Structure formats: C-alpha cells, structure tokens
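> So you can see what is in the structure, the chains are spelled out below.
Protein chains: 2
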Amino acid sequence: MSTIPGFWAVVPAGGAGTRLWPLSRAAHPKFLLDLTGSGRTLLQATVERLEPLTGDRVVVVTGAPHADAVRAQLPALAGDQVLAEPSPRDSMAAIGLAAAVIERQDPQAVIGSFAADHVIPDTTAFESVIREAAEVAREGHLVTIGIEPTSPATGFGYIRAGEALAGFATALRAVEFVEKPDAVRAAQYVASGEFRWNAGMFVVKAATLLDLLAQWHPELAAGVRAIAASPERLDELWPALTRIAIDHAVAEPAADAGHVVVVPAPFSWDDVGDFASLAELLPPVEGEPGLRVLGSVDDVTTIEASGVVAAAGGRRVAVVGLEDVVVIDTPDAVLVTTRSRAQDVKAVVDALKAQGRTDLT
Amino acid sequence: MSTIPGFWAVVPAGGAGTRLWPLSRAAHPKFLLDLTGSGRTLLQATVERLEPLTGDRVVVVTGAPHADAVRAQLPALAGDQVLAEPSPRDSMAAIGLAAAVIERQDPQAVIGSFAADHVIPDTTAFESVIREAAEVAREGHLVTIGIEPTSPATGFGYIRAGEALAGFATALRAVEFVEKPDAVRAAQYVASGEFRWNAGMFVVKAATLLDLLAQWHPELAAGVRAIAASPERLDELWPALTRIAIDHAVAEPAADAGHVVVVPAPFSWDDVGDFASLAELLPPVEGEPGLRVLGSVDDVTTIEASGVVAAAGGRRVAVVGLEDVVVIDTPDAVLVTTRSRAQDVKAVVDALKAQGRTDLT
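Chains S and P, in that order, give the protein sequences. Residue 16 in numbering that gives the first Met the number 0 is what sits at position 17 of the first sequence, and the numbering runs on without skipping anything. Residue 119 in numbering that gives the first Met the number 0 is what sits at position 120 of the second sequence, and the numbering runs on without skipping anything.
Errors might be hidden in some of the hints.
Any copy, or any two copies together, can satisfy a pair, since identical chains are not distinguished.
The list that follows gives simulated cross-link-like pairs (lysine to aspartate or glutamate, DMTMM-like), each with its CA atoms no further than 20 Å apart [claimed, not checked]:
1. 352 / 303
2. 179 / 193
3. 179 / 270
4. 352 / 298
5. 345 / 298
6. 345 / 303
7. 352 / 297
8. 345 / 297
9. 179 / 255
10. 345 / 269
11. 179 / 147
12. 179 / 343
The set of hints was computed from the structure by calculation and includes no laboratory data. Computed from a predicted structure; not experimentally measured.
Just chain S, same shape as in the assembly (with noise of 0.2 Å):
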C-alpha cells in the first residue's frame, strides 16, 4: 500500500505523564520514553506507526523545552517538522498551528492528529481506519476515530454515533460528544452499543479545521494562520492565543452542528494513562505469568508476587509476597503501590511539589 496523497500527520507531543512518575518527569515527559520495552519511544513509534500513511509529511508539535529531545528521536524530520510552543497553550493551538503551517503548503491537505504517547499495536486496522477516515475528510467532515469501549472507563470523554454516512464502509455520522462521564453512566453508554471512546484522534483537511475554529474562535484561527505566514512572529503572537482544547474548541460544536463523522476503530488502543495501563502493555515473563516486567528481567527477583515492576535504576529490585504491585525503580526515586492504586501516584508528585521537590517531579 502506498500513502495517502495530500495526508499529513500531526503529532502533538505534550503531556507530562503525571501517573506514570517516577519514569515520566516534567524534563523527559512520557512521549520521550520507552514504555514497552518495544526499543522506541513512544514518539518515535507513533511516527512509525503513521510513516505507511504519510511518508515524511510529519509536523510534531511539542513545548519548547522538549523541541531539542524531539529532533534528537527523530532525527529524519527537517527543522520546520518540529513546532516548538513557546508555552502551553492547550491542544487547539498546538494541532491549529500545525495545520495552519500544513495549509500554507498544501491548501488541500488532510491532516490526521494522533498524540504522541498513545499505543496501538495493530498497525494493520489502524491503517485502514485512518485511509477511510482520510477519504471522509477530503468531503469536507471532521472525522474522528471512535474507539470501541473494552469496559465501562470513565477516564475518557465518549461519543455518541449516529446513522451510517453513505458511500463509505463503516463512518457514521456524529451525534454528540460527551465528557468523562461517572461510573453508572459509563455502563449505560458500553451496554447501548452507540457510544465510543474519543481518543482524540482526528481527521480533517487542514482548511476545513481552521474554517470551523474561525467560526468559534476566529481570533485563534487567525492567530496560528499569521503564525504560519510570518513564523518569526511566533514568540510575538503566540502568548495571545487562547488556551483551549480541540474538543471543545472545534469538536464539540462541529458535531452539534452535524458536520462530525465517526469512524469506529475495531483495534485496540491504549493511552498509557497509569501503570496498571502499562503492565497490559508488557508481556508476560517466562515461567512468571503473573509479572510484567519493564527493563531488565535478570534485574529483578520475586518470590511469590505479582504485578509490575520496573527495574530502571540499575539495581537489583526484590519483592516477596504481594500481589498486584507496582515497584518503579529509577535512579533517584522509588514508587511502591498497586494496579488498583496507580491512578493516585499524582497525589505523590503533587506532595512533592508541595515540598518544592521539582528536582524530583
């Protein structure tokens, strides 16, 4: 298979990986890191995972700290590939500006948005899915990628998926997209079939995009197209964006006003969210089924336990007798707690910032 013609990813790397500290630190961020053991960060296998896509058209966008350890994983990228944001200004103007710099080049591109720590191992339906999401968008849609829920989650916002779009194999039109929701309200959007996870993943021409955040938002629209047309105004322009999220900028309303496809995604996908995430990601170790291991397996010594470990301090991890563990081993700093605890390690960096530990966050 070849590329898509006119297909562009943009790849937005941000996100510091509160929940996955000690591992993910504000200085080298969850995207920068090999979390699977697969040889890659989860940067540079996002890249991967889209090159059958899109060839070289790339553009990351990343915080300005982070622009130099980008290049560094991606070294193939040209200089204007990596967008370096002078500060945060949340995901509407990291992937706006992008397909603003797209747009110049390519009036007609179609961009795909994929974050840059997100894991799907099947490559193979996630090509398909992004050809026909590429194929819904040059008529103009805001697709996006609607992930079929494996349980009730409530850490993800949903969407509700309408009737089929015609002429194509599985998009259908977008009837609403929804917040987090709680508990109940998740089984009841599993259990009805109509609702999917938003991974945040989109498809859209780059014009089309930038039409609809300048229905909405037209002074950010016309601030990441100034950008574009003149980048040395970047540190000029940049701090007045407003700080919004795509979801809300753009998505959210384009559905309300029925402009919003879905294409449903039958592979898996994982955001790598906490380490109960990341334990499913790793296999298993020999003659240990119980154990996932991160690192080195000759680093790391149980008796009668389970769980997760990772040994990345370089030093010998022991446990004895505790099942579903998280032991998190780095050079500076150890976490111990479980699966069904992994999603309050941020209380852990948010006491450490408290203390005024930032060397450790």
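Dock chain P against chain S, hints included.
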C-alpha cells in the same frame, strides 16, 4: 552503681542477618548496622549497655573479615579484646575461646555472653537481672537469662524453669531447654507460665564453663585453653575445633545434670530477626501512626500507606495505598514485601546466591 567485680562481657559478633537483606549483607552484617536509628550500631549499643556492669572488661569475638570493622566501631577496646575467628566454628568455640582467654587473666572471672545484635531498651532492668545472675554464677551455676514470652513465638528455643533457688531474689532452677516448638506447643508453653524464651544469654564463671565443656567435649575445652595459652597457635589449632552451638555443647547437658539456673528477665528483648521485628523498634512518624521509618523521614512520601520504610539509598521512596508494607531501599538493591512475609526475605538471598550474585548478598 559500680561495675560487678570480676565480671567480663563476652560479645559474639556473628550472623549474617539474612532476613534483613538488603540492609544486612555478608560484608556488613546486622551487628555493624544502626538499625534502630539510635546513632549507634547494634554492636556499639550492646557494649554500651554492658559498660555499667563490666567497665572495660569486654571481649568481642568475631569473624576475621569483620575484625577491622569491629575495632573501628569500638576504638576504646585494646587489640586483645577483639578475637578474630579464622573461620566459622559456631558459638561454643567462639565463647569458649573468650572464656579461656579471660580465665588466664582472672581464674575467678564470671563471664556473661551477650550477642552483638540484640536490642534491650530497658537497661535498668537488664542491669538488675545480670547483677543477680553474676551472683548466682559465682556459686558455680551456669545461669541463663529467661525472657518472659510476649507471644507464642516459634522462632526461639524455650527454657522450662522449676523451683526457686534458695538465697536469691528471682533465680529458678532450670528443668530443661527445649528446641524451637511448633505453634501448638509454643502456645502451650506460654500458657503454662513455666517456659521462657532462651535468648542465648549465659552468665557463668569462665572456669565453670570450660570445666563443664571438658565433661562433654574435652577436645574442644582443651583446644580453646591451648589457644588462650599460646595465641600464636590460633591459626594452627582453630580449624580442628568442633563446630557446635553452646546450647547443645553445654547448656542442654548441664541442665539435664541439674547445673543450670534461670534468672527470669522482665525486660523486653528483641533479636531484630526480620523487618517485622525491626518495625517494632522504630519510633512512629508524627502524623503517620502506622508508619515506621529507618533513615530520614524527609526522604519518604506516603499516601495512605503503613508499614516500615528504610530510606538508605539516598533516594526518594514513595508508597501509595499499601498496608503493612516493607520497603527497604539501598544503593544497589530495593526490597518490597509485607510485615507478614518478613521471614521469607531469606528466599531472596538464597535466589541471589543461586545466581552467583554474591556481590548483592
């Protein structure tokens, strides 16, 4: 109170403390460590506890690899007060050699044998018991200190006491020593009120001990007396000494022959056998009643966690959502277990030895 005239302390400093891995290692075992956060090692605390009774009459017996460390920790001791065993020959040879050395200096000497790695917080009660024991020993008895059991422990031997010894405040005749019991028998022992823990503390005239030894192991008594007479023959004579524990060599047969007296000990005593024991010896952390920390509390962050944390690796240790956990952080190894599995830490050391990783044991 003055010291006890003619009373010498013998301090066997041995044992690997395998269940306290990774704090305790073959190269720096338990007795050389400050495990209670007191600012003194267990060896130093042992000698300090004895000083009001013995003054400078202390002899430490340790393995040759640890002799320099012992001397460094106890700089007040003269060269001949630290006896270095060329190879491990169990407790009878160690204590017997010390007894023989002391006997040559003072044929009427009473010695007390006190392991270097036990903790006895109530020094006043300890002194009172040992003063009575020394008086009894002067009459020619082998005196053992019987610890009041606080639980039906299966990890210690027990001593069964009989009738009172006339002329002394608390001393009782010893009926028998019994080996480590199973849980059912241990409960019976404790319920009976007749049994006390054998903490391995013996008080006896040096000459009495060696004469008793000569009855059952004449070659061993002759061997240690020959070394004491000609210290330059240590390396020549030591390897031939019988490997046997003092309990089996002398205490048990002497009890059967009616020569043993128990002085009951009302003080609490702990052999710091594992991290569950250690937790009991550490002070609670302010605001965290279920938490015990060895090392700097400032290096530990807990969120809804209890148990014992040793921050001995110079790193941040964070624990989230685990009860009665044990986290021991050191520069080259970290252990995670629970108080209830504290005894099984030995299995980690066994596994490491099986892998040839003696650098870690």
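> Decide, hint by hint, whether the structure agrees.
Status of each hint after checking the structure:
For the identical chains of this complex, residue 352 and residue 303 are inter-copy neighbours only, at 18 Å across copies versus 35 Å inside a copy, given an alpha-carbon limit of 20 Å. For the homomeric pair residue 179 and residue 193, the shortest alpha-carbon distance inside one copy (16 Å) is at most 20 Å, but the shortest distance between copies (66 Å) is not. Taking the shortest Cα distances, residue 179 and residue 270 sit within 20 Å of each other inside one copy (15 Å), while across copies they are farther apart (54 Å). When the C-alpha separation of residue 352 and residue 298 is checked against a cutoff of 20 Å, the pair qualifies only between copies, where the shortest distance is 14 Å, while the shortest distance within a copy is 30 Å.
Proximity of residue 345 to residue 298 under the C-alpha cut-off of 20 Å is restricted to the inter-copy arrangement: shortest distance 18 Å between copies versus 26 Å within a copy. In this assembly of identical chains, the alpha carbons of residue 345 and residue 303 lie at most 20 Å apart only when taken from different copies (13 Å versus 28 Å within one copy). In this homomeric assembly, residue 352 and residue 297 come within 20 Å of each other (Cα to Cα) only across copies, at 14 Å, whereas the closest approach inside a single copy is 34 Å. In this assembly of identical chains, residue 345 and residue 297 lie within 20 Å of each other by CA distance solely across copies; the values are 19 Å between and 29 Å within a copy.
When the C-alpha separation of residue 179 and residue 255 is checked against a cutoff of 20 Å, the pair qualifies only within one copy, where the shortest distance is 18 Å, while the shortest distance between copies is 77 Å. Only within a single protomer do residue 345 and residue 269 lie at most 20 Å apart by alpha-carbon distance; the minimum there is 19 Å, versus 39 Å between protomers. For the homomeric pair residue 179 and residue 147, the shortest alpha-carbon distance inside one copy (16 Å) is at most 20 Å, but the shortest distance between copies (60 Å) is not. In the homo-oligomer, the alpha carbons of residue 179 and residue 343 lie at most 20 Å apart inside one protomer (18 Å), although the nearest pairing across protomers, at 44 Å, exceeds that limit.
Consistency with the previously given hints is maintained throughout, with no hint failing.
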